[in-house]
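A.B. asks: Sequence:
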Amino acid sequence: MKKSFWVFLLLSTALVIFSVQNAKPVRVNFFLKEMHISLAILLIIVFISGVIASASYFFIKSRKKDKNIDDSPADTEIEETNADE
Numbered sequence: 009m010k011k012s013f014w015v016f017l018l019l020s021t022a023l024v025i026f027s028v029q030n031a032k033p034v035r036v037n038f039f040l041k042e043m044h045i046s047l048a049i050l051l052i053i054v055f056i057s058g059v060i061a062s063a064s065y066f067f068i069k070s071r072k073k074d075k076n077i078d079d080s081p082a083d084t085e086i087e088e089t090n091a092d093e
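Per this note's numbering, the very first residue in the sequence shown carries number 9; after that it's consecutive.
These are computed hints drawn from the structure, not numbers from a lab. Hints may contain errors.
Taking CB as the label site, the calculated pair distances span [what the hints assert, rightly or not]: (1) 58 x 10: 17 to 25 Å; (2) 47 x 72: 31 to 39 Å; (3) 60 x 31: 21 to 29 Å.
In the DSS-like style, the derived pairs of lysine-lysine whose C-alpha atoms are separated by at most 27 Å in a straight line are [what the hints assert, rightly or not]: (4) 73 x 11; (5) 10 x 72; (6) 11 x 69; (7) 72 x 11.
Glycine included, each C-beta is placed from N, C-alpha and C at the ideal position.
Model the full assembly from the supplied sequences, consistent with the hints where possible.
C.D. replies: And the structure:
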């Protein structure tokens, strides 16, 4: 399997262990609203948010790269040459 999968699995496991050991409630201030939430849940929410943000970034980056490959001038020249024959 890919190295990145194992790194992700290791970090996820470490997060779960850390969260379970630190399950006491903490105070969180978010947009002038104060709430008490378990540190474990807060850490999991932050971790999942980071995974979604990084996956979105790499998805958009790969889509732009694929689009640039499809519109490359070399492909256009080959198509024009084949059309002339």
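A.B. asks: Now tell me if each hint is right for this structure.
C.D. replies: How the hints compare with the structure:
In this structure the supplied range 17 to 25 Å holds for residue 58 paired with residue 10, their Cβ-Cβ distance being about 19 Å. Evaluation of the 31 to 39 Å hint for residue 47 and residue 72 yields a pass: the beta carbon distance comes to about 38 Å. Hint check: residue 60 to residue 31, Cβ distance near 23 Å, so the stated range 21 to 29 Å holds. For the proposed pair residue 73 and residue 11, the alpha carbon gap of about 23 Å is at most 27 Å, so the pair holds.
Using a Cα cut-off of 27 Å, the hinted pair residue 10 and residue 72 holds, with the two alpha carbons roughly 24 Å apart. Annotation: proposed proximity of residue 11 to residue 69 holds, straight-line Cα distance about 21 Å (limit 27 Å). Only pairs whose Cα atoms come within 27 Å are accepted, and residue 72 paired with residue 11 is accepted, the gap being roughly 25 Å.
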